[in-house]
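Novice: Here are the chains, one letter per residue:
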Amino acid sequence: MVAVSEVTFQVKEGEVFGFLGPNGAGKTTTVRMLCCLISKTSGRARIADYEVGNEGDSQRIRKMIGLVPDNVGLYEGMSAYDNLDFYGKLYDRSESQRKESNEYFLKLLGLWDKRDSAAGALSKGMKQKLAVARALIHDPQVLFLDEPTANLDPESAKTVRDFILELKKEKKTIFLNTHNLDEAQRICDRIAILNTKLMAIGTAEELERTVKGRQTVIRLAQANAAVAKALERLSLSNLNYEGTRAAFDVVDPERENPPVVREIVEAGGEILTVTVQGSTLEEAYLKLVRKQE
Amino acid sequence: MNLRHSWIIATKDLNAIRHRKTIIYTIVITPLALSLLFSYIVQYAVSSAAPGTSLSDYAFLLYAFEFWFAIIAAIIPSPIASYSIVGEKVEKSLEPLLATPVTDGEILLGKSLAAFIPTILASYAGAAIYMASVDRTLYSVVGYLYYPNSEMIVILLLLAPITCLLSIELNVIISSRVTDVRSASQLGGVVFAPFMGLYIAGEIDVITLDTNSLLVISAILAAFAICLFFVSTRTFKREQILTKWK
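Heads up: the protein sequence lines correspond to chains Z and C, in order. If you use this note's numbering, the first sequence closes out at 295, no skipped numbers anywhere. If you use this note's numbering, the second sequence closes out at 250, no skipped numbers anywhere.
Honestly, the hints are just simulated from the structure, not real lab data. Honestly, I wouldn't trust all of these hints.
Claimed, not checked - In silico DSS-like links for lysine-lysine, alpha-carbon gap of 25 Å or less:
1. Z:K116 <-> Z:K14
2. C:K96 <-> Z:K116
3. C:K241 <-> Z:K65
4. C:K93 <-> Z:K126
5. Z:K173 <-> Z:K101
6. Z:K174 <-> Z:K101
7. C:K248 <-> C:K25
8. Z:K199 <-> Z:K293
9. Z:K14 <-> Z:K126
10. Z:K42 <-> C:K25
11. C:K93 <-> Z:K42
12. C:K241 <-> Z:K42
13. Z:K65 <-> Z:K42
14. Z:K126 <-> C:K96
15. Z:K173 <-> Z:K199
16. Z:K116 <-> Z:K126
17. C:K248 <-> Z:K199
18. C:K248 <-> Z:K42
19. C:K25 <-> Z:K65
20. Z:K65 <-> C:K93
21. Z:K42 <-> Z:K199
22. Z:K160 <-> Z:K173
23. Z:K173 <-> Z:K65
Claimed, not checked - Calculated Cβ distances over 10 Å to all of chain Z for the following chain C residues:
24. H23
25. V32
26. L36
27. F234
28. T237
Just so it is clear, CB atoms sit at the ideal spot from N, CA and C, and this is done for glycine as well.
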């Protein structure tokens with residue numbers, strides 16, 4: 003069984019890169035391969051200057067990455083503080099470095115008061131935050147987050163998302179696996195859609211543009227014959243002008259709408275609203291995934 | 005190999021074990037109960053013996069009891085190794101651990117140390133109680149301290165560590181195939197069956213568990229331990245753990 007194939011992409015330093023795909027698309031497998039947890043059967047992958055799959059480089063890669071797996075995987079019987087401290091020791095951090103970073107992250111994530119509580123006694127959101135802190139304890143250059151907000155209540159999910167945005171400001175390179183489209187759109191600089199194969203890659207806007215069926219709808223204060231003539235002159239695709247509503251198909255609304263608006267205004271029309279309807283990231287995602295299936 | 009990493013993992017597991025009552029009971033009660041029971045039997049045998057009974061009349065009893073300290077060393081690692089390996093698998097804490105720069109060998113050594121140290125300490129403590137008690141009983145019969153003797157030295161310094169290692173290695177292999185700690189512990193418990201077979205063979209005079217026999221048994225078991233070491237290290241590879249372990 004092929005878990006993932008024909009995947010080629012590059013993530014820039016300091017970028018938040020989203021990996022979108024349905025369950026079983028190969029997102030976790032890709033992350034595991036990049037984290038040197040499982041080996042690839044073919045192909046090539048590099049993190050910084052290190053080759054994934056090379057024995058010596060794998061150790062160096064593991065030193066410079068942090069991983070938050072889909073299951074938080076905390077030591078439930080150990081306190082929140084000890085969970086972080088254990089990992090700090092494994093990354094060869096000195097006692098003073100560990101003390102400093104444990105305190106910093108626990109305070110930053112609002113877990114300081116719970117530092118002595120067993121990880122098993124924490125709420126799901128707190129556990130997830132602790133898992134993120136654990137992945138950052140050695141100040142990694144690259145952070146892999148596998149479904150970090152899955153199964154969280156909206157408030158906890160927001161806390162984790164806000165924290166990711168904070169990390170983005172710190173210019174950490176973040177690789178985010180998610181099937182939450184809204185999350186990907188809000189957090190990621192670029193998104194790749196994966197369904198065993200890489201279907202598309204780009205910014206959210208670029209992906210939205212790949213789907214036909216977007217429509218600009220302009221509402222006018224009153225019907226105007228001059229506006230109707232002006233719109234006809236523009237040869238807009240699928241133009242539908244009725245009463246005070248004009249609608250037409252667009253591919254790139256940011257480029258195509260301004261001249262239309264200008265023509266309407268010059269023809270004496272008074273515009274109340276301009277909205278773009280139709281294609282969203284969700285539609286782009288569904289179209290690409292269904293096409294593959 | 006960074007031994008410090010292994011020690012960090014071992015101390016983490018040893019701390020976790022301290023809070024597991026069932027494991028603590030196994031570590032403390034098994035050697036303590038057996039050493040007290042054996043001491044009592046020797047005491048009873050001596051006190052109820054006919055006048056003129058010599059040390060050689062007790063030899064079969066003493067050989068058999070001594071061998072039990074090798075069997076104990078095979079019993080105790082089972083719940084510890086099951087908990088420290090399958091427990092992590094159940095808690096899903098192996099993946100983040102495997103994503104650290106710690107090597108598979110370092111993790112395996114850490115897990116093995118966490119099972120080896122308490123086992124050997126418990127076996128030695130039990131043996132110390134047994135030897136002190138039997139010395140006290142036999143002194144009136146033989147006029148000297150019977151223990152430590154060559155059989156007990158071979159058992160404690162050679163056979164017990166080897167049986168302990170064999171048990172740990174088998175538990176690592178078993179842990180890769182089971183999904184819960186209880187199953188691992190139960191299956192791991194079967195590990196001591198071959199040692200029971202040796203014990204029974206000694207009891208029915210098929211073999212004599214004297215120093216020479218113990219050295220031969222140790223050599224055979226050491227060869228098994230070396231073979232199992234390669235199997236268990238092949239089993240305990242991060243790729244195997246993440247993809248093949250159920």
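Novice: Run every hint past the structure and note whether it holds.
Specialist: Cross-check of the supplied hints:
1. Z:K116 <-> Z:K14: Judged against 25 Å, a Cα distance of about 36 Å means the pair is violated.
2. C:K96 <-> Z:K116: 22 Å, holds
3. C:K241 <-> Z:K65: 18 Å, holds
4. C:K93 <-> Z:K126: Status holds; Cα separation ~19 Å.
5. Z:K173 <-> Z:K101: 24 Å, holds
6. Z:K174 <-> Z:K101: 22 Å, holds
7. C:K248 <-> C:K25: This hinted pair is violated, its Cα atoms lying about 31 Å apart.
8. Z:K199 <-> Z:K293: 12 Å, holds
9. Z:K14 <-> Z:K126: 31 Å, violated
10. Z:K42 <-> C:K25: 42 Å, violated
11. C:K93 <-> Z:K42: 23 Å, holds
12. C:K241 <-> Z:K42: 15 Å, holds
13. Z:K65 <-> Z:K42: Answer holds: K65 of chain Z to K42 of chain Z is near 20 Å, not above 25 Å.
14. Z:K126 <-> C:K96: Distance ~15 Å between K126 of chain Z and K96 of chain C Cα, so the pair holds.
15. Z:K173 <-> Z:K199: Violated: K173 of chain Z and K199 of chain Z sit about 29 Å apart, past 25 Å.
16. Z:K116 <-> Z:K126: Given that 25 Å is the threshold and the Cα spacing comes to 13 Å, the pair holds.
17. C:K248 <-> Z:K199: With a Cα-Cα distance of about 23 Å, the restraint between K248 of chain C and K199 of chain Z holds, given a limit of 25 Å.
18. C:K248 <-> Z:K42: Within the cut-off at roughly 15 Å; holds.
19. C:K25 <-> Z:K65: 36 Å, violated
20. Z:K65 <-> C:K93: With a Cα-Cα distance of about 23 Å, the restraint between K65 of chain Z and K93 of chain C holds, given a limit of 25 Å.
21. Z:K42 <-> Z:K199: 15 Å, holds
22. Z:K160 <-> Z:K173: With Cα atoms ~20 Å apart, K160 of chain Z and K173 of chain Z stay inside 25 Å; holds.
23. Z:K173 <-> Z:K65: 18 Å, holds
24. H23: Violated, because the least Cβ-Cβ distance between H23 of chain C and chain Z comes to about 6 Å, which does not exceed 10 Å.
25. V32: 20 Å, holds
26. L36: Since the minimum Cβ distance to chain Z is about 26 Å, L36 of chain C lies beyond 10 Å and the statement holds.
27. F234: 19 Å, holds
28. T237: 15 Å, holds
Hints 1, 7, 9, 10, 15, 19 and 24 from the list above are not met by this structure, while the remaining hints are.
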